[in-house]
Amino acid sequence: MSTAPLRLVPAQERGVRIPSNESVPSIDSEAQLRSVLASLSGVDAVGLEGRAAKLATRSIKRSTKAAAIDLAISMVDLTTLEGADTPGRVSSLCAKAMRPDPLDLGVPSVAAVCVYPDLVAHASSELDGSSVAVAAVATAFPSGRASLQMKLLDVHEALAAGADEIDMVIDRGAFLSGRIGQVFDEIVAVKEACGEKHLKVILETGELVTYDHVRRASWIAMLAGADFIKTSTGKVSVSATPPTALVMLEAVRDFAETTGRLVGVKLAGGIRNSKDAIRYLVIVNETAGSIWLRPSLFRFGASSLLNDLLMQRLKQQRGAYVRADEFSGD
Amino acid sequence: MSEDRLDVRKTYKLLINGAFPRSESGRSYEVVGASGEFLANVAQGSRKDLRDAVVAARGAQAKWWAATPYNRGQVIYRLAEMAESRRDELCEHVALAEGIKMKAARSSVERAVDRIVWYAGWTDKVAQVMGSANPVAGAFFNFSVPVPSGVVAVLADQSSSLEAFVDAVLAPICVGNTVVAVASERRPTPAVLVGEMSATSDFPGGVLNIVTGRTEELATTLASHEDVDAIDLGGVDGALADSLAQSASGSIKRVLRNGDPSSTNSTRRLRAFVEISTVWHTIGQ
Numbered sequence: 086m087s088t089a090p091l092r093l094v095p096a097q098e099r100g101v102r103i104p105s106n107e108s109v110p111s112i113d114s115e116a117q118l119r120s121v122l123a124s125l126s127g128v129d130a131v132g133l134e135g136r137a138a139k140l141a142t143r144s145i146k147r148s149t150k151a152a153a154i155d156l157a158i159s160m161v162d163l164t165t166l167e168g169a170d171t172p173g174r175v176s177s178l179c180a181k182a183m184r185p186d187p188l189d190l191g192v193p194s195v196a197a198v199c200v201y202p203d204l205v206a207h208a209s210s211e212l213d214g215s216s217v218a219v220a221a222v223a224t225a226f227p228s229g230r231a232s233l234q235m236k237l238l239d240v241h242e243a244l245a246a247g248a249d250e251i252d253m254v255i256d257r258g259a260f261l262s263g264r265i266g267q268v269f270d271e272i273v274a275v276k277e278a279c280g281e282k283h284l285k286v287i288l289e290t291g292e293l294v295t296y297d298h299v300r301r302a303s304w305i306a307m308l309a310g311a312d313f314i315k316t317s318t319g320k321v322s323v324s325a326t327p328p329t330a331l332v333m334l335e336a337v338r339d340f341a342e343t344t345g346r347l348v349g350v351k352l353a354g355g356i357r358n359s360k361d362a363i364r365y366l367v368i369v370n371e372t373a374g375s376i377w378l379r380p381s382l383f384r385f386g387a388s389s390l391l392n393d394l395l396m397q398r399l400k401q402q403r404g405a406y407v408r409a410d411e412f413s414g415d
Numbered sequence: 003m004s005e006d007r008l009d010v011r012k013t014y015k016l017l018i019n020g021a022f023p024r025s026e027s028g029r030s031y032e033v034v035g036a037s038g039e040f041l042a043n044v045a046q047g048s049r050k051d052l053r054d055a056v057v058a059a060r061g062a063q064a065k066w067w068a069a070t071p072y073n074r075g076q077v078i079y080r081l082a083e084m085a086e087s088r089r090d091e092l093c094e095h096v097a098l099a100e101g102i103k104m105k106a107a108r109s110s111v112e113r114a115v116d117r118i119v120w121y122a123g124w125t126d127k128v129a130q131v132m133g134s135a136n137p138v139a140g141a142f143f144n145f146s147v148p149v150p151s152g153v154v155a156v157l158a159d160q161s162s163s164l165e166a167f168v169d170a171v172l173a174p175i176c177v178g179n180t181v182v183a184v185a186s187e188r189r190p191t192p193a194v195l196v197g198e199m200s201a202t203s204d205f206p207g208g209v210l211n212i213v214t215g216r217t218e219e220l221a222t223t224l225a226s227h228e229d230v231d232a233i234d235l236g237g238v239d240g241a242l243a244d245s246l247a248q249s250a251s252g253s254i255k256r257v258l259r260n261g262d263p264s265s266t267n268s269t270r271r272l273r274a275f276v277e278i279s280t281v282w283h284t285i286g287q
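Chains as they are written, first to last, in this note's numbering: chain A, 86 to 415; chain B, 3 to 287.
In isolation and in its complexed conformation, chain A is listed as follows (with noise of 0.2 angstroms):
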């Protein structure tokens, strides 16, 4: 028996088999739609939840942890979505966004902010000249519920004033009642509104009940063009969970599988703390690849979760806990 030297095998080609062209079928008819969604296996919720939890129990060793929590900075778009958002609170997150810990340089800049569209024009030119991106809610945040060319307005709006990345919301009711003709086609003209910019499509999974749904709505987004599917609002009780991210993430990944194009997945809403970013960053890895451990590929929209990051980073440097008020609040 003649033993073959030891080859190890490149992290990105670990499981996933990307086809090298790419080939998104195009979707003329609503029923070519449900012909695709039918095609798509049930999920098991039960072993669902039961692995989610089993990659929640990884245990990550310290330079590991180090790595892993500079990796989940750049991959954070600090977000602030309130009623009350003024240009001064813009700017003073956009100074953070650049520079989140002003006394060490080497931490790395966010991936992007995210803003209402009125303030995008603000923010885009605090960032001039930065790595930070700027993105803006649009298609009538949160709710979605406006006819299409208000939501459109709202997106040229917002590209007009700088945006980079456009992140949409799913009309989920036309989407629970099952009208995902209409879905698909709004996703399809706020596309194309968008042309080269980077459209991230909500799909409020908090909202759709079943994870069945969820991967329907995360291949009607895929399939209608979208760069990039996201869980949440934040604006509603339920937002993103590990098993609604192992879902999207099998969803993306299968979809690479099959038509060769990559697309993003951003989990927003209730994840305040880098426990839960680094076990986020475990599923993402044990189940689309390491491809997606990127920022082109992979975001948090968050805005408390910045500062325990820094902390915990802060931590690993010192050997002693520190106090959260070390940093500034967003």
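Derived from the structure by calculation, the hints contain no laboratory data. None of the hints are false.
Ranges of calculated distance between the beta carbons of each label pair, as one might list FRET restraints: (1) Gly252/B to Glu277/A: 52 to 60 angstroms; (2) Gly252/B to Pro187/A: 17 to 25 angstroms; (3) Tyr72/B to Ser232/A: 52 to 60 angstroms; (4) Glu112/B to Arg147/A: 48 to 56 angstroms; (5) Leu188/A to Asn73/B: 38 to 46 angstroms; (6) Lys50/B to Pro187/A: 27 to 35 angstroms; (7) Lys50/B to Lys139/A: 18 to 26 angstroms.
Straight-line distance between alpha carbons at most 20 angstroms, and here's what the computed EDC-like set of lysine to aspartate or glutamate pairs gives: (8) Lys50/B to Asp361/A; (9) Lys105/B to Asp90/B; (10) Lys400/A to Glu228/B; (11) Lys400/A to Glu219/B.
Quick reminder that beta carbons are idealized off the backbone N, C-alpha and C, glycines included.
Following the hints, position chain B against chain A.
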């Protein structure tokens, strides 16, 4: 028939944020009485339990200090009521833990309960006794007002399982601090009982947190924890106390050590964990 009953054995757990978790680490250790007989299996707290306890204490502090002194006094008095009705249980534990006769244990418990009442009385008198209206050369009021240090870590006395524990945790709580206490390593059960009583005496979650375990292991984490504002080193001596005081200096903690005048006198103990804040105000016309 009573001789057929199975024992209902008690698990001695931690007190963190008003809940009674086992240690996050899953560890426990055996506590024996003064004469070597088995007393209890007690949770052996870890670094992470302390971290959680400090988060809880920090979260509870502002609200505890914002409560009226009168209200804080009522809450502490309620603890005395609870302790009074469980006096026999406390006596038993103190006698076994400290190896003293029931009679001596009884008077120790009574002193401890009376001490709780004494601290209950102090809550609304601290400002008058420790504060002052200062004479200044100008048309101003000048007040010095005692405010709490914040989150106080207590390494409780190793030998006096109840009396010293009550003193060490209630003095800082009385003046508006919240406390993370590490109970006596070999005699922890009376402190655990006090924790249980606090949970039924309207103590808001997080005001008093009690972690049992190896003092030396837990002490280093608390002394270096930057979100702890002050530390009472009552339960440690010698070189360990020196090194803990040194690591406490990294985050400029207030440190109380054995032998300090404030550690031996209860009124002075009240002063150990307050800061004096001085404010000026115009007198007006």
